[in-house]
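S.K.: Residue-level listing of the chains:
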Amino acid sequence: MARIGVFVCHCGENIGRTVDCHAVAEALGQVPGVAHAVDYKYMCSDPGQQLIKAAIAEKQLTGVVVAACSPHMHEKTFRRAASSAGLNPFTCEMANVREHCSWIHEDRASATAKAIDLSRMMVEKVKRNVPLSTIRIPVTRRALVIGGGIAGIQAALDIADGGAEVVLVEKAPSIGGHMSQLSETFPTLDCSQCILTPRMVEVYQHPRIRLMSWSEVESVEGYIGNFKVTIRKKARGVDEDKCNGCGACTRACPNKRIPSEFDCGLGKRPAIYVPFPQAVPNLPVVDRARCTLLIARSKGKKDACMKCVEACQRGAIDFEQKDRFVTEEVGAIVVATGYQLYEIGRDQGGRKDLHGYGEYGYGTIPDVIDGMQFERLASASGPTAGRILRPSDGREPRTIVFLQCVGSRDPAKGIEYCSKICCMYVAKHAMLYRHKENGGRAVVFYMDIRAAGKGYDEFTRRAIEEEGAEYVRGRVSRMYRDGDVIKVVGFDTLGGEPFGVDADMVVLATAMRPQPGIESLAQKLSVSYDRHGFINEAHPKLRPVETNTAGVFVAGACQAPRDIPDSVSMASATASKVLGLFSNEMLEREPTVARVDAAICAGCFHCERVCPYGAVTHMEVKDRQGNVLKVVADVNPGVCQGCGTCVATCPSKSVELQGFTDEQVWAQIQAFLG
Amino acid sequence: MEGTATATGFEPRITAFVCNWCTYTGADLAGTSRLQMAANTRIVRLPCTGRIDPAFVIKAFERGADGVIVSGCHPADCHYTAGNYHARRRFAVLRELLSFMGVDERRVTFSWVSASEGAKWRDVVNGAVERVRECGPFESYRALAGGV
Amino acid sequence: MKVAYFPGCSMHGTSREYGESLHAVAEPLGVELDEVRDWNCCGASSAHASSRMLAVALPARSLALAEAQGHEQLLAPCAACYNRLAGARHEIAEDAELAGHVKRILARPFENRVAVLNAVEVLRDLGETIKAKATSPLKGLKVACYYGCLLVRPAAVTRFDDPEDPSSMEAVVKACGAEPVAWRMRLECCGGGFSLSRKPSVVRLGRAILEDARKAGADAIAVACPMCHSNLDFRQKAMARDGEDKPPMPIVFITQVVGLALGIAPEKLGMQRHFVSTKRVTSRGNGEATAPAAEVG
Amino acid sequence: MTELRELAKKLLAEGAAKVVIGWEEGPRGVRPAFATDAAAADRLVFDARCAHDLAPYLDRRRVHVAKLGRPAVVVKPCDARAVAGLIRETQVKREDVVLVGVRCGGVLADPEAGGTLSADTIADRCRTCDSRETALADHVVGTPVEPLAAPSRRDARVAELDAMTPAQRWAFWQGELARCTRCNACRQVCPLCYCDRCMADKTQPQWIESSPHGRGNLSWHLLRAIHLAGRCVDCGECERACPSGIPLGLITRKVASVVADRFGHKPGDDPAVPSPIGTWRSDDPQEFIL
Amino acid sequence: MSAHEDAHHPVPRTLADKVRAATGLNPARCYQCGKCSAGCPMAAETTLRPHDVMRLVNQDRPDRLMDDESIWLCLGCETCAARCPNECEPARVTDAVREIVAAARPDAAPRAIRAFHAAFLDQIRKHGRLGEMGLIMGYKLRSGHLFADAAAAPGMMSRGKLAFVADKVEDVEDVRRIFAGCAAHGEEG
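Residue numbers (our numbering), protein chains in the order written: chain A, 1 to 674; chain V, 1001 to 1148; chain R, 2001 to 2297; chain C, 3001 to 3290; chain P, 4001 to 4189.
The set of hints was computed from the structure by calculation and includes no laboratory data. We put the beta carbon where it would ideally sit given N, CA and C, even for glycine. Certain hints may be false.
Said to hold, decoys possible - Pairwise CB distance ranges, derived in the manner of DEER restraints:
{"id": "1", "chain 1": "A", "residue 1": "Tyr204", "chain 2": "V", "residue 2": "Ser1033", "range": "54 to 64 angstroms"}
{"id": "2", "chain 1": "P", "residue 1": "Asp4060", "chain 2": "A", "residue 2": "Lys268", "range": "56 to 66 angstroms"}
{"id": "3", "chain 1": "A", "residue 1": "Lys268", "chain 2": "R", "residue 2": "Arg2214", "range": "31 to 41 angstroms"}
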């Protein structure tokens, strides 16, 4: 026979003012199975909790109902109290008579009646609660970091330095990400590669980091502490063990006219190439779509060119190489896949809601470039060795116009958010140009200057006050080519006049978007993403680097537009989360999980189809001889998050959700309605 | 409070099945915002609308409810990513089926109420109470118990 | 294809040649034009400046009539009519409350079912047919395709082409064997709405368009809007700067360009009705301009 | 008929199947037959009286059939949809069964009465059926048939009910369901009711009261319809089996139309197409949700 | 009705409210970037540019909009709408402002433009269609520009471009009913 204790809280006046708490306690005292019912001023206070603990001991209670505030407020508090008095914590429940009753009703009689109902419903539920124990699952102390940009590099190094092994997967031939393409960085104007390259080398040499470049995550199974990740190692065309990175093959390749991805199309590269001189690993990759030999082979023709093979003294070139799959077991995953730029005037990767800017002539006017292209022009290692020259004729531009918010803050073209970094990098570009081209004119069209950050506002002010950048507040309506110049048709909203500039070059500060393919990766990881494709954090303030899937963390610009300091901070935060997770032998989880009754399961697997987490597996039921009698569903408690969709879907009701069983729900319905 | 027509008027009895993350929290917010609403509902908290079985709704009517509310997270907001999408299909069918069998559509209210929509929860509750009031007590369902 | 045909007021007046040339090319291209019976003025440049409801209800009446005639598509060759009809259709579709008011005011059945087409998109989609039937390809003729404002804007309403970098008219010109030139003023407004009431504005705006077309080496400007046409054609002399002696720039309807390519006699296309001589254009086709092109009045 | 028998004999002779499940003449019209040898195969028939859906005999829980060995089953297009459902729901493996499709022009509303198929005698569900043979089968026999054009009385009845007030519909259904004796024949013949233990037999909690009275009867028929939403293949067996003559087809038909209208789904014979309840689209209609 | 509900269903009081009620557009979306004004073909001639109009709508300054002819100089070319990054559609907002302003002060528009619109609408009201000859004559009478372009008329006629007899809708009463219906609606709204 159940012996339930009911504890009605006045919450000072908060409940007591509208609900007759004493009457509630008295009414509940009459409910069969209730062994003890009292009301008290503040149940969550120490004396209040003592009251509960003492009653559990004295009255040998089997369950506790606290009629007080929302369980979101104090369920943990009271369960802990019940637990310390020797009761299973999951036999303690709360009836919400504050938020759901006293605060929203004025009539004392009906509020009291409702409070009695709510408490009775909880009593009936608790009568059917069973002791549950927290779920304990083992942890593999090894982390996967997806993405080898600055965020991924930082996360990998911090985790590895903390003593855990790391697998770092990068889809490009080299790690380094966008940061390796930058010239200088704001607000200090230190050289990007000078601060990044040592970290890249550190990754390469770290004994606990396994670097897999030119690789992508193929599939992810498992759950926190126990992920099994399959990684596709794309065919490089080069044997990693034999190659010593001498570069003979890239020099030998006759097809050197391919637009370089690293130089944003402003420079050229061969068909077998290392993306940039400081690449890590320093291994070339064969561009299979452009290699003369492979094109000939794909058309069934004989081998047309063997120059690289002939040049390689170690026999490392291997055209027969196929994609390989490796499986890694890890306990935590850090997503750090970074960003791409809004493709101004071009197809937006199949996104029909993004339209591009025909009015700016990008793609038709060669001297209209985007911010990353400017970085390459300004970079000492870039195609112009750091000289800012027009792509069209190689001339030094005397006037450069910079447009902020291209793609950003523009719902009409599809992206309404602020990309956060453009104000800063445009100021930097204007400064770099003014440094390099003495007397050149740098005109910046802006809407607002958003320079919140340490030393940021000072930086943009310096661009204006000391470096002579002309800031014009207004957007540009259109641009067109007129002979040698680009006519920029703008408006100075502060001066109240149309403002036109004849520019030699225009740099568009285009928006930041998540990497293409982020949706499919997010689906593999079961993490949610917003409509732009940015990975959703578990809580925007309090859990900024966790995702809604336990054990998967997020760092850098794949979560929202981020600059380098933000990305690095997030990366270190994920490392601390990962190391915190790894500090446990076993993980503990709330036992709100689904359980299948194998005896009645009909094996229709509707549950498997609806489970958002892939927690349902197939289990064979065998007789003593080992013959398979039937195949039934089984829920992996480590993966199950307890939504209960399977339970409602199961036609034969052979799945139950612990803590929210059919019987408990039924009892609550009946307790209210009779 | 009895769900029958009395001299003081008919006070409907309404069972609300709500998800823990959005609507329950939204209802909490209605409380913290002190938004006054009708006292006719009793909430049954479940983790997710995906957990809400059509049988719950039917059982509530069987036991004498005059109306039912089912409420959860807005599309794309589900804490469990897709429970509300599954629920939406399930309840689309249930609603039309109940109506076909003669249950007035006004007795069943479905809503998406997010954790920040305390005022919407108030409106949902008051609206449901009003609609059920128009329908009157669900005597015909209660009468089914007959000789049981 | 058979479509409802909404001529619009100017087809019977200032832009007779647009209507004439449209009819002349429709038949060989296999387009049957079924005039909307008892159509009314779309309200064009004035209704929307006075009353939103009127600006929507006037075109809606004609849409309702086309619907009653059993049509699913309606061709409005005049860019202004097209803009108003398509705009009304869009607003009614997007705003249920407005739709209710409009239906009440119309007091006739109206489901807003008819799609509104402009002449350029219809011709673009007939590009292959034009190419196949072009007996007098306009080889070497350099045409500046002028879209103006009403044809491609606003994007949510028009949708048939990229609003900032359209290519439909160029495609038609290419199909005719002529050569579209690259120029920058093709989307700028000519001020046609103020042709009567504010001449200095019109002169300023039109002049920029003519000058840019000349600079791009165009032999003619092709248009699909009677307002643009009468503005750039009729006001062209006024647009010339004092003492300036530039060759006149023929302003031709896109349907006239197609007609010439199909070998239709220029007078059947109304080429003699222009204020600016069209000789530079007609001399490219097989036919010679028969009517003397009068000087600008 | 000869074609069917010859095929059955061939399947048995070659060992492709150990039993051919089909129909044979019985004392009251045709009945299900389980032919394990040539002689029995020669007794197989197919005509418009063969209304029985034989798919339920593929259920491993029907031990007396299962023990006969690898089955071949004769299926009309509706029966094939049922088999597809069983495959979709992992009750049957496609490779474990030989499917013999018969070209079907519809079956009689009253197969026991016999007679020829006409616009008057055709079963109502066959009036709206648009499949004449199934793509799922290994073998298809019979000659191509033209469908009989006849308006569906059932659809007309659903429309009549839809036009009523809720109170009128309530009264109608209470009148019908009052006759339900909870004999479970509807459940027994349903090819997609195969659970080891039906929800209706669960006691803790008892979602569906088991004795025949209005409240439990309504719950049973509501939940049965919910469980079959998007899965019901419209084989019509529940209504045909009901000894009380309750028009269960109206309920399944209504739910099927809801599923078709809202989710664009019609149960078909392709097991790879998932059933609509258990999948979703982010833009599913939700006009009923506040 | 509580104050809270007031906020959701405001009675249009401010100019921005009225514009919103009439067009469904929310003028507050304008963040004053000036892209509309940069592209506006009439910006060279107006004192108030599209973004100024948006600003004054949001500032609830009908007086300043009324005291200036700028809003009447909008050509309705929609360049502003096409380029507006925040979907404000200044041209449609301007249309709505004209309607509001004209209702409050019928003589607010410059005479020539008023004359043109009046002549235009008058033609439609009379005939259901636009007789261009009638339009020109009506415009000249209303505007006082009696002899402007007079030289063009013979040229127009010789080219068959001016129809003296206006084309007419048969059921012209139906068109007049629409005018009446819209006017009545305007008064209700």
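S.K.: All hints, please: hold or fail.
M.R.: Evaluation of the provided hints:
{"no.": "1", "hint": "Tyr204/A / Ser1033/V: 54 to 64 angstroms", "in the structure": "holds (56 angstroms)"}
{"no.": "2", "hint": "Asp4060/P / Lys268/A: 56 to 66 angstroms", "in the structure": "holds (59 angstroms)"}
{"no.": "3", "hint": "Lys268/A / Arg2214/R: 31 to 41 angstroms", "in the structure": "holds (39 angstroms)"}
Checked against the numbered hints above, the structure violates none of them.
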